[in-house]
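Enquirer: One letter stands for each residue in the lines below.
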Amino acid sequence: MASLTALELNCSELSVRAVNAAMRELPDGAVVNITEPRGRHNLAVGLSNKLQITIVGNAGYFVGGLCDGPDIVVDGFVGWSVGENLMSGSLRVRGNASECAGASAHGGVVVIEGDASSRAGISLKGGTIAIAGDVGHMSGFMAQAGTLLIGGDAGESLGDSLYEAVIYVGGKIRSLGADARIEELTAEDVERITDLVRLTGFSHVSPEDLRKVASARHLYNFDALKDQKY
Amino acid sequence: MCGIVGLHLKNSGLEARLGELVVPMLDVLASRGPDSTGVAIYCHDVSPGEAKYSLCAPEDDYNWGGYAVQLEEELASPVALRRRGRDAVVVSHATPPLVMAAIQKVDPRVRFFGHGSAIEVYKDVGPAIEVCTRYGVASMAGYQAIGHTRMATESAVTIEHSHPFAAGSDLALVHNGSFSNHASIRRDLVDLGVVFDTDNDSEVAARFIDYQMSHGSDLADAMQGVLKGFDGFFTLLVATEDSIAVVRDSFACKPMVVAETDDYVAVASEYVALADLPGIEKADVFEPMPEELYTWPA
Chain S
1 MASLTALELN CSELSVRAVN AAMRELPDGA VVNITEPRGR HNLAVGLSNK
51 LQITIVGNAG YFVGGLCDGP DIVVDGFVGW SVGENLMSGS LRVRGNASEC
101 AGASAHGGVV VIEGDASSRA GISLKGGTIA IAGDVGHMSG FMAQAGTLLI
151 GGDAGESLGD SLYEAVIYVG GKIRSLGADA RIEELTAEDV ERITDLVRLT
201 GFSHVSPEDL RKVASARHLY NFDALKDQKY
Chain A
1 MCGIVGLHLK NSGLEARLGE LVVPMLDVLA SRGPDSTGVA IYCHDVSPGE
51 AKYSLCAPED DYNWGGYAVQ LEEELASPVA LRRRGRDAVV VSHATPPLVM
101 AAIQKVDPRV RFFGHGSAIE VYKDVGPAIE VCTRYGVASM AGYQAIGHTR
151 MATESAVTIE HSHPFAAGSD LALVHNGSFS NHASIRRDLV DLGVVFDTDN
201 DSEVAARFID YQMSHGSDLA DAMQGVLKGF DGFFTLLVAT EDSIAVVRDS
251 FACKPMVVAE TDDYVAVASE YVALADLPGI EKADVFEPMP EELYTWPA
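Each protein sequence line maps, in turn, to chains S and A. Taking the numbering used here, I'd label the letters of the first sequence as residues 1 to 230. Taking the numbering used here, I'd label the letters of the second sequence as residues 1 to 298.
Hints in this document: simulated from the structure, not taken from any laboratory. A few of these clues could be false.
[Said to hold, decoys possible] Example chain A residues on the side facing chain S (calculated, C-beta under 8 Å, incomplete):
1) 255
2) 257
3) 260
4) 270
5) 272
6) 274
7) 278
8) 286
9) 289
10) 293
11) 297
Note that CB positions come from ideal geometry on N, CA and C, so glycine has one too.
Assemble the whole structure, with the sequences as input and the hints as a guide.
Expert: Structure (structure tokens):
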């Protein structure tokens, strides 16, 4: 819920540029409510101060993208690429997210309490993404580092061309992508998931019951003699 | 790009406001498609056995009165004429093939955009607010609508090339994306006797669905046929007399947001188009998955 002592920035009165510029000037620890977001794109992007931001309602594309500090809660749905290229801080979406949630996030945590759509965590570069519900196809595609936790089901081609990122899935996996494989959970994995469950509040996720998807590393090196075609 | 919107009302109390709700949805998405705009409005306001024919005037001050008289003579039965901006809807109880032949004969310059017991089609070149104002869309009543704002990528910007494409009775389609194999599917359909109005790729999908549905398929089968046969990028929104349906290609790179409340199902390319709908803050909002057919009412 929105804080009563917070600075209110109303998107019906202010442009996205004005909203973001106002937040950029605030001191660390400031609390902001962005009201009537009306699906606007690019809200709360590129901020490096440690703010507590609540977006009260449904937002558009790139919410919280490029941020390096703030903790952002969206009390609603978000469009494509929430938290894209997130550097640090956190993003929590109370509703569903569209495609490319947390794409290329270097750090920080993106929590989606509903479902995410296709390509969640694409090209993840070290951040953590936790989705309570389902994800669409090509999630975790080419993810290089970091963690993708999926509480529900995963769509087709999960973890295609993974590098060192790790994916944990609670539900069904429609299919694995190229070079992705199921691996045994280690004690460190369970510890990592337990921490994440505590952080996210995903009480429906039981750490020991998840499946781990990681790279088989067959695509790491080009095999000139493969199939003798070259 | 292109923007697409759809609104299917479950609460009949909102029907008087359909146009008023749809116009802002289209206006917001003018940024995705400023070239031309179109809308198919579904309203049951003719008697059983009658059908509406959406006609587009060849010039601004067209003599619709004289046209109606000629049409009545040709059909040897009365027609009712409803003026909408520059255009008109003709209501007739004659059989659709007869009426369409008469429309073609009386004045071939009059463009025919669709027919059915409920559908009315308005489309024109220009951004959404201009086109909607030109035809008085905001004051139209009805129980469902689909609309389109076009950014042309593969064929000309003309009235005919604008969406929706209403290929069959009460059937309309809007498309965001582009098909790569539309020419070969068009040739197959032409060989089967299907007649096209334009060289637009989206019209091929509309004609394909109509062909399938007039040869025994239901909407779900026809949409599966699109998924199987059409290559390219697409998010399609199709309306029939009693439902709207969405399907996205396997890449799902053309966006779509669905919002459902007790009062309506609304779909749009971006959530911004839905932000003014009543009760939207309570809606269940999500993005449909690729290669899955969504139909409302379910």
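Enquirer: Hint by hint, note whether the structure agrees.
Expert: To see whether the hints hold, each was checked on the structure:
1. Given hint, residue 255 of chain A at the interface with chain S, holds; its Cβ is 7 Å from that chain's nearest Cβ, closer than 8 Å.
2. The criterion of a C-beta within 8 Å of any C-beta in chain S is met by residue 257 of chain A, whose closest approach is roughly 7 Å, and the hint holds.
3. Among the interface hints, the one on residue 260 of chain A is violated; its C-beta lies about 12 Å from the nearest C-beta in chain S, farther than the 8 Å criterion.
4. Given hint, residue 270 of chain A at the interface with chain S, holds; its Cβ is 6 Å from that chain's nearest Cβ, closer than 8 Å.
5. Interface restraint check for residue 272 of chain A: the shortest CB-CB distance to chain S comes to about 4 Å, inside 8 Å, so the restraint holds.
6. At its closest, the beta carbon of residue 274 of chain A sits 7 Å from a beta carbon of chain S; the interface hint therefore holds under the 8 Å criterion.
7. Here the hint on residue 278 of chain A is broken, as its CB sits about 14 Å from the closest CB of chain S, past 8 Å.
8. Checking residue 286 of chain A against chain S by beta carbon gives a least distance of about 5 Å; that is within 8 Å, so the hint holds.
9. The beta carbon of residue 289 of chain A is positioned within 8 Å of a beta carbon in chain S (closest approach about 5 Å), and the interface hint is therefore held.
10. Residue-level restraint check for residue 293 of chain A is violated (minimum Cβ-Cβ distance to chain S is 15 Å; threshold 8 Å).
11. At about 21 Å, the closest approach between the beta carbon of residue 297 of chain A and any beta carbon in chain S exceeds 8 Å, and the interface hint on this residue is violated.
Checked against the numbered hints given earlier, this structure breaks hints 3, 7, 10 and 11; the rest are met.
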